[in-house]
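Chains as they are written, first to last, in our numbering: chain A, 1 to 188; chain B, 189 to 610.
Be aware that one or more of the hints could be misleading.
Below, a list of computed lysine to aspartate or glutamate pairs in the EDC-like style, where the Cα atoms sit at most 20 Å apart [unchecked claim]:
1. A:Lys61 to A:Glu46
2. A:Lys183 to A:Asp128
3. A:Lys16 to B:Glu557
4. A:Lys61 to B:Asp228
5. B:Lys599 to A:Glu15
6. B:Lys604 to A:Glu140
7. A:Lys40 to B:Asp228
8. A:Lys62 to B:Glu557
9. A:Lys16 to B:Asp228
Each pair of labels, with its calculated beta carbon distance range [what the hints assert, rightly or not]:
10. B:Val203 to A:Arg72: 28 to 36 Å
11. A:Gly25 to B:Val527: 15 to 23 Å
12. B:Ser210 to A:Leu11: 43 to 51 Å
13. B:Val203 to A:Pro59: 38 to 46 Å
14. B:Phe271 to A:Ser161: 29 to 37 Å
15. B:Ile259 to A:Arg131: 32 to 40 Å
16. B:Ala523 to A:Gly25: 21 to 29 Å
17. B:Ile588 to A:Gly25: 26 to 34 Å
18. B:Ile582 to A:Lys10: 35 to 43 Å
19. A:Pro98 to B:Val354: 48 to 56 Å
20. A:Gly25 to B:Val590: 31 to 39 Å
Rather than coming from a laboratory, the hints here were simulated on the basis of the structure. Built from N, CA and C at the ideal position, the CB exists for glycine as well.
Read off the chains here:
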Amino acid sequence: MAIIKVERPKLSVGEKVYFGAIFKGMIITLRHAFRSLVGKSTGANELNSSGVGITMQYPEKKWDDQLPEYYRGAPALVTDELDRERCVSCQLCEFICPPKAIKITPGEIPSNNEWAKVEKRPEKFDIDMIRCIYCGMCEEVCPEQAIYLRPDYVITGTNRSEMVHDKERLYEIGGKRVGLVNKWNDLK
Amino acid sequence: MDTTFLIAAAIKIAVFIGITMSFVSICVIFERRFSAIIQDRVGPNRTMIPLSILGFKKDLALPIGGLTQPIADGLKFIFKEDFTPSYVRKVFFWLAPVLVVVPALLTMAVIPFGSPMEFGNTIIPMAIADLNVGPLFIFAIASLSVYGITLAGWASNSKYPFFGGVRACAQMISYEIALGLSIIPVLMYFGGLNLGHIVEDQVANGWLLLPLWNEGGFIIGSGYWGEPLVVQRLLLLIPIGVSFVIFTTSIFAETNRMPFDLPECETELVGGYHTEYSSMKFALFFMGEYAAMVVGSALIVTLFLGGWSIGFGIDGMLPTGAWWVSLLHIGVFLAKVTVFILFFILVRWTVPRFRYDQLMNLGWIVFFEAALINVFLAALIIASPSIGLGGVAIGGAFLILVTILLIKVAKGATQKPSATAV
Chain A
1 MAIIKVERPK LSVGEKVYFG AIFKGMIITL RHAFRSLVGK STGANELNSS GVGITMQYPE
61 KKWDDQLPEY YRGAPALVTD ELDRERCVSC QLCEFICPPK AIKITPGEIP SNNEWAKVEK
121 RPEKFDIDMI RCIYCGMCEE VCPEQAIYLR PDYVITGTNR SEMVHDKERL YEIGGKRVGL
181 VNKWNDLK
Chain B
189 MDTTFLIAAA IKIAVFIGIT MSFVSICVIF ERRFSAIIQD RVGPNRTMIP LSILGFKKDL
249 ALPIGGLTQP IADGLKFIFK EDFTPSYVRK VFFWLAPVLV VVPALLTMAV IPFGSPMEFG
309 NTIIPMAIAD LNVGPLFIFA IASLSVYGIT LAGWASNSKY PFFGGVRACA QMISYEIALG
369 LSIIPVLMYF GGLNLGHIVE DQVANGWLLL PLWNEGGFII GSGYWGEPLV VQRLLLLIPI
429 GVSFVIFTTS IFAETNRMPF DLPECETELV GGYHTEYSSM KFALFFMGEY AAMVVGSALI
489 VTLFLGGWSI GFGIDGMLPT GAWWVSLLHI GVFLAKVTVF ILFFILVRWT VPRFRYDQLM
549 NLGWIVFFEA ALINVFLAAL IIASPSIGLG GVAIGGAFLI LVTILLIKVA KGATQKPSAT
609 AV
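With the sequences and hints as input, model every part of the structure.
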């Protein structure tokens, strides 16, 4: 193989003095700073910048419309179109949950209820959001399609008990889902 | 020693140290915001006044864009654990941060912050100590801070701080020489070392770097050109420009600022000489560095950019000695210092860090020689009216000879020994 000797480039006097290049560099830095200050940085629009630089300032501006369809946020329970609790407390999600975040207390549906033939519903359904790892196993395993991972990601609380989502909160996040499992009703 | 003097001195010490310390915190917030803007970020912009820890319902959010951030930073430093590792040399480990901060704060004693204020019938200079050896005092005291850094590196008893300390020591000693030599032309021009008089001279005859006016008037008027020695003054801009560049760069090296921050370069030395320090002791190093930066900027502004003078002949129109004029001048001075600090930050994000041998080459081979030749050049220009044309010719020839010799020596010093040499 031929040996190629790479010569160092010969510098002119101006380049050796070096200060011209530094001055030029400072002008470039200043121009960049000015563009950043007036919000004209490259990519500021695409990244939904809040005015300075390309940073989007979070609580004021959000990226929600860019969330993908499959985004896995807070798990939540859903009701069907007739406002029936979908969950039949089979506890499959509780058993599969890797960090053991779900805790279900099953309860019987009284015989005088409209949905007595479903037999069971959760009396209590707690998801500890400090433990939850948003893996989506519960959604995957649910035979009744009662639990879904919603795109909510702002889950905050000032103490541990606030971070446990109870049944009421879970239905509030989940809301209603139409036309999935119709084996318990006449819609078909 | 009368009471007015004592009271005035006490007030000046309190106010000017207060100004320097608040400038240190302003430096920090400027550094963070300006760096952020250069890097397309936002920086700390939403620090509030935390009334909620005092029991109020809500925090007070003022529309000041995070200006209270330094308070939060300071509180954080105070409340962090002050950890002294078991293997350090305790006495020196505790002494080192103090030795960094104290010299930095002492040096601002001779800087004139504003024009003298008339109080009753005494004239109070707006410098804590109106010494006749201003710059020498600053150099003498500022060099002491190298003890703090070297002691910190040695007392930490761990390899990276030690390297940092050694580097800091070598670097500061190297650049001290260029620093001292580079302002000799300036001092030759002013013919004195009193910083207050230097500024007053610049009020009358134009800033050292911007001689756009003199006692005869502006540069566009004929009065300006009628003044004696005006051509000599303009010629003197060459050595003074060189002085300014060398002095500013050496100040960067002295304060361990960005292109020369080898004592604490985190990619090589973890944190440098303050690796083992935490909490308030680290904060003292931090403060010392920024205080040195503030004093360095103040010195450059005082020597080259007219100190507290507004310039362009405006100072002459204002009544001398009135209290509001003094305050206005203090404001002007602080504004200039702020601009210079922004310049420091700009350089930080423009010039990459030097390699260590490049740093030493620049200090010993380029700046030392350049400053020496510069002194001769300035001397020649200043002496030219009295030595006549023949004297100038002989001096010029001598200067060119010395320059060529020095360049030869410098080139020889940078040549690497070839691999085949015995």
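Here is how each hint holds up against the structure:
1. Among the hinted pairs, Lys61 (chain A) with Glu46 (chain A) is consistent with the structure: their alpha-carbon atoms are about 14 Å apart, no more than 20 Å.
2. Between Lys183 (chain A) and Asp128 (chain A) the alpha-carbon distance is near 30 Å, which puts this suggested pair outside the 20 Å criterion.
3. With a C-alpha separation of about 16 Å, the suggested pair Lys16 (chain A) and Glu557 (chain B) falls inside the 20 Å cut-off, and the hint holds.
4. Under the criterion of a C-alpha separation no larger than 20 Å, the hint pairing Lys61 (chain A) with Asp228 (chain B) is consistent with the structure, at around 17 Å.
5. For the hint pairing Lys599 (chain B) with Glu15 (chain A), the CA-to-CA distance comes to about 17 Å; that is within 20 Å, so the pair holds.
6. Only pairs whose Cα atoms come within 20 Å are accepted, and Lys604 (chain B) paired with Glu140 (chain A) is rejected, the gap being roughly 70 Å.
7. Restraint check for Lys40 (chain A) and Asp228 (chain B): satisfied, since their Cα atoms lie roughly 10 Å apart, inside the 20 Å limit.
8. Restraint check for Lys62 (chain A) and Glu557 (chain B): the C-alpha separation of about 59 Å exceeds 20 Å, so the hint is violated.
9. Between Lys16 (chain A) and Asp228 (chain B), the direct Cα distance comes to roughly 31 Å. Violation of the 20 Å bound is thereby established for this hinted pair.
10. Here the CB-CB span from Val203 (chain B) to Arg72 (chain A) is close to 59 Å, at odds with the stated 28 to 36 Å.
11. Our hint of 15 to 23 Å for Gly25 (chain A) and Val527 (chain B) holds, since their Cβ atoms are close to 19 Å apart.
12. At roughly 45 Å, the beta carbons of Ser210 (chain B) and Leu11 (chain A) sit within the given window of 43 to 51 Å.
13. As the Cβ distance of Val203 (chain B) to Pro59 (chain A) is approximately 41 Å, the hint placing it in 38 to 46 Å holds.
14. Take Phe271 (chain B) and Ser161 (chain A): their Cβ atoms lie about 35 Å apart, and the range 29 to 37 Å holds.
15. In this structure the supplied range 32 to 40 Å holds for Ile259 (chain B) paired with Arg131 (chain A), their Cβ-Cβ distance being about 37 Å.
16. Taking the beta carbon of each, Ala523 (chain B) and Gly25 (chain A) are about 25 Å apart, inside 21 to 29 Å as hinted.
17. One distance hint, 26 to 34 Å for the beta-carbon pair Ile588 (chain B) and Gly25 (chain A), holds here, with the actual separation near 32 Å.
18. Taking the beta carbon of each, Ile582 (chain B) and Lys10 (chain A) are about 36 Å apart, inside 35 to 43 Å as hinted.
19. For the pair Pro98 (chain A) and Val354 (chain B), the beta carbons lie near 53 Å from each other, so the given range of 48 to 56 Å is met.
20. Between Gly25 (chain A) and Val590 (chain B) the C-beta distance comes to about 33 Å, which sits within the given range of 31 to 39 Å.
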